[in-house]
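Undergrad: Each chain, written out:
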Amino acid sequence: MQALYAQLLVGLINGSFYALLSLGLAVIFGMLNIINFAHGAVYMMGAFCAYFLLNLLGIGYWPALIIAPIAVGIFGMILERTMLQWLAGLDHLYGLLLTFGMALIIQGVFQNYFGSSGLPYAIPDELKGGVNLGFMFLPIYRGWVVVFSLIVCLATWYLIEKTRLGANLRAATENPTLVRAFGINVPRMITLTYGLGVGLAALAGVLSAPINQVRPLMGADLIIVVFAVVVIGGMGSIMGSIITGFALGVIEGLTKYFYPEASNTVVFVLMVLVLLVKPTGLTGRATT
Amino acid sequence: MSVMTDDTLPANPRGIRDEMIVFVAMAALLAAVPLTGIYPFFVMQALCFALLACAFNLLIGYGGLLSFGHAMFLGSAGYFTAHALKEWGLSPELGILVGTAGAAGIGVITGAIAIRRQGIYFSMITLALSQLLYFIYLQAPFTHGEDGIQGIPQGHLFGIFNLAKPTVLYYVILVGFLGGFLVVFRAVNSPFGEVLKAIRENEQRAISLGYKTDQYKLLAFILSGTLAGFAGSLKVFVAQNASLTDVHWTMSGEIVLITLVGGLGTMFGPVVGAFVIIAMQQYLAGFGQWVTVIQGVIFVVCVLTFRRGIVGEIAHYFRRSL
Chain P
23 MQALYAQLLV
33 GLINGSFYAL
43 LSLGLAVIFG
53 MLNIINFAHG
63 AVYMMGAFCA
73 YFLLNLLGIG
83 YWPALIIAPI
93 AVGIFGMILE
103 RTMLQWLAGL
113 DHLYGLLLTF
123 GMALIIQGVF
133 QNYFGSSGLP
143 YAIPDELKGG
153 VNLGFMFLPI
163 YRGWVVVFSL
173 IVCLATWYLI
183 EKTRLGANLR
193 AATENPTLVR
203 AFGINVPRMI
213 TLTYGLGVGL
223 AALAGVLSAP
233 INQVRPLMGA
243 DLIIVVFAVV
253 VIGGMGSIMG
263 SIITGFALGV
273 IEGLTKYFYP
283 EASNTVVFVL
293 MVLVLLVKPT
303 GLTGRATT
Chain A
122 MSVMTDDTLP
132 ANPRGIRDEM
142 IVFVAMAALL
152 AAVPLTGIYP
162 FFVMQALCFA
172 LLACAFNLLI
182 GYGGLLSFGH
192 AMFLGSAGYF
202 TAHALKEWGL
212 SPELGILVGT
222 AGAAGIGVIT
232 GAIAIRRQGI
242 YFSMITLALS
252 QLLYFIYLQA
262 PFTHGEDGIQ
272 GIPQGHLFGI
282 FNLAKPTVLY
292 YVILVGFLGG
302 FLVVFRAVNS
312 PFGEVLKAIR
322 ENEQRAISLG
332 YKTDQYKLLA
342 FILSGTLAGF
352 AGSLKVFVAQ
362 NASLTDVHWT
372 MSGEIVLITL
382 VGGLGTMFGP
392 VVGAFVIIAM
402 QQYLAGFGQW
412 VTVIQGVIFV
422 VCVLTFRRGI
432 VGEIAHYFRR
442 SL
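Protein chains in written order, with the numbering used here: chain P, 23 to 310; chain A, 122 to 443.
Since the hints were made in silico from the structure, they are not lab data. Here the structure is a predicted model, which means the values were calculated and not measured. One thing to keep in mind: the hints can contain errors.
Claimed, not checked - Label-pair restraints from in silico Cβ distances:
no., chain 1, residue 1, chain 2, residue 2, range
1, A, Thr366, P, Val291, 18 to 28 Å
2, A, Lys286, P, Val291, 51 to 61 Å
3, P, Ala144, A, Val229, 20 to 30 Å
4, A, Lys333, P, Ile100, 15 to 25 Å
5, P, Gln24, A, Ala261, 25 to 35 Å
6, A, Asp268, P, Val291, 18 to 28 Å
7, P, Leu295, A, Thr371, 21 to 31 Å
8, P, Leu112, A, Thr371, 16 to 26 Å
9, P, Val291, A, Glu434, 51 to 61 Å
10, P, Pro142, A, Thr366, 44 to 54 Å
11, P, Leu78, A, Thr371, 25 to 35 Å
Claimed, not checked - Covered stretches of chain A (in silico footprint by chain P; criterion: 3 or more residues with CB under 8 Å from a CB of chain P, positions within the stretch not fixed):
no., stretch
12, 216-222
13, 305-319
Glycine residues also receive a C-beta, built at the ideal position from the N, C-alpha and C atoms.
If we strip away everything but chain P, and leave its shape as in the complex, we get (with noise of 0.2 Å):
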């Protein structure tokens, strides 16, 4: 049982990195119809950047929890100026090119200065040991990395559900011509978007840099596998991209319990089922 209880944890910290990253593909996909195929590469960016600044500034977790993220996020908007307005009104298979293109050259550089092995990124003091549930011993930082990235989920999800900020955007997407004659700055708004998905990318990259190591390739595999969570749960919903994220974690935890062969394919298999019973995805709108 013991075992069991271990690879859910295992599977529900893959699920909070499944969910803050489609949670941000979804965000970015409804403001500039563009799938992010750097997701993985900024993810990864945000674990190095954790790692210089411990290790070149001697700046400790916590401040990188912030810097982080907000600094890769103002180098996703600096891409977004420079590179992917420019794609607005074309077809959005070139968006899904050029953001493949991007994360060839961003890993490609990091690969050539770090190889392939993965760096060592120690747990913070205040996050270290565990604790004895009586069913289970809960490392602390696991269960640090779960409840944050539930928050921070959360949070994004009011802030786009629920605030004035949210509503706004919302509107953007829908209809970005009459918002902008509101006096809305839209196209603004879209670099904040993208700031903000490339940040929350980044911000799991941090989580995850003292359990997985910090590697080039660290979210080239992953950022498959989180599209085939997209499909399953559809990109319509923010609410729905945090659930179908931590559920198939659990999923594919579950798997490695009882059939670990198949724990590497089981969400391409839940995928390939869905589209065949559901094909517009579990939260429904079939956007194309």
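Use these hints to put chain A onto chain P, whose structure you have.
TA: Relative to chain P, chain A alone:
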């Protein structure tokens, strides 16, 4: 939802005549390669990728479907052919048949799943499906995991042509490539191809005209996957191995890059793109990971400033369809 511009309007008789002239010139040039002393291995490799990209281009260029998982056909057919040749001891022609038929089977299954969604979702689904196959091949015993299948016997095609001789192998690959190219050419210029283009331009309208667009898309997907598999089977004789590299998503990206550089939706773009990209990889092989970075830069530059690709720009300049 058109990817392409006016350059790919339905070919008129003059356009088809132009393309036939270019085709004959291309075939003559390629047939003369062994006489020139150019390293035949390089050209053979480029031809395999050219056929692969032509098959891919049939989907994106004429059907508007961006498959980000075409490596699964290349790699699967490679494994099947390699296994048939080495373990079953089949003759080359049967080996190619096994690989191509296997790819066709995969095309039927993955196509039926992938065409259930359009646009960007289609790309993500094909990518996920190819990753699914990647993990299966990683664990399946017959692929020998990380080692791949190596030392594949080349044998005698139809019992006559000794494929171990580079010149013989070259002409066999060339005939295979030209045959595959003509299949694509025929498909694009057939009524079937016209319906595909109609779906690319406006799927709703094609449906309202009474076309069962899903069937057309599925057929295009299977045809494309089968031809990509055929290219993968041919490649086994050139490389004499089959490995995970050919199933990995980076390979799918390379196929997209080749077609993008050459020109999406042009007949000869994928061929030109294949020679450009394979040559680049040969020359830059010493630069290690920088090759990835350079490929990324080409992607970005092409998408931002050079969306027609090499052949697309030429065709646009001369106002011809190529």
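Undergrad: If a hint holds in the structure, say so; if it doesn't, say that too.
TA: Consistency of the hints with the structure:
| no. | hint | result |
| --- | --- | --- |
| 1 | A:Thr366 - P:Val291: 18 to 28 Å | 24 Å, holds |
| 2 | A:Lys286 - P:Val291: 51 to 61 Å | 45 Å, violated |
| 3 | P:Ala144 - A:Val229: 20 to 30 Å | 51 Å, violated |
| 4 | A:Lys333 - P:Ile100: 15 to 25 Å | 46 Å, violated |
| 5 | P:Gln24 - A:Ala261: 25 to 35 Å | 32 Å, holds |
| 6 | A:Asp268 - P:Val291: 18 to 28 Å | 26 Å, holds |
| 7 | P:Leu295 - A:Thr371: 21 to 31 Å | 27 Å, holds |
| 8 | P:Leu112 - A:Thr371: 16 to 26 Å | 25 Å, holds |
| 9 | P:Val291 - A:Glu434: 51 to 61 Å | 43 Å, violated |
| 10 | P:Pro142 - A:Thr366: 44 to 54 Å | 29 Å, violated |
| 11 | P:Leu78 - A:Thr371: 25 to 35 Å | 30 Å, holds |
| 12 | 216-222 | violated (count 0) |
| 13 | 305-319 | violated (count 0) |
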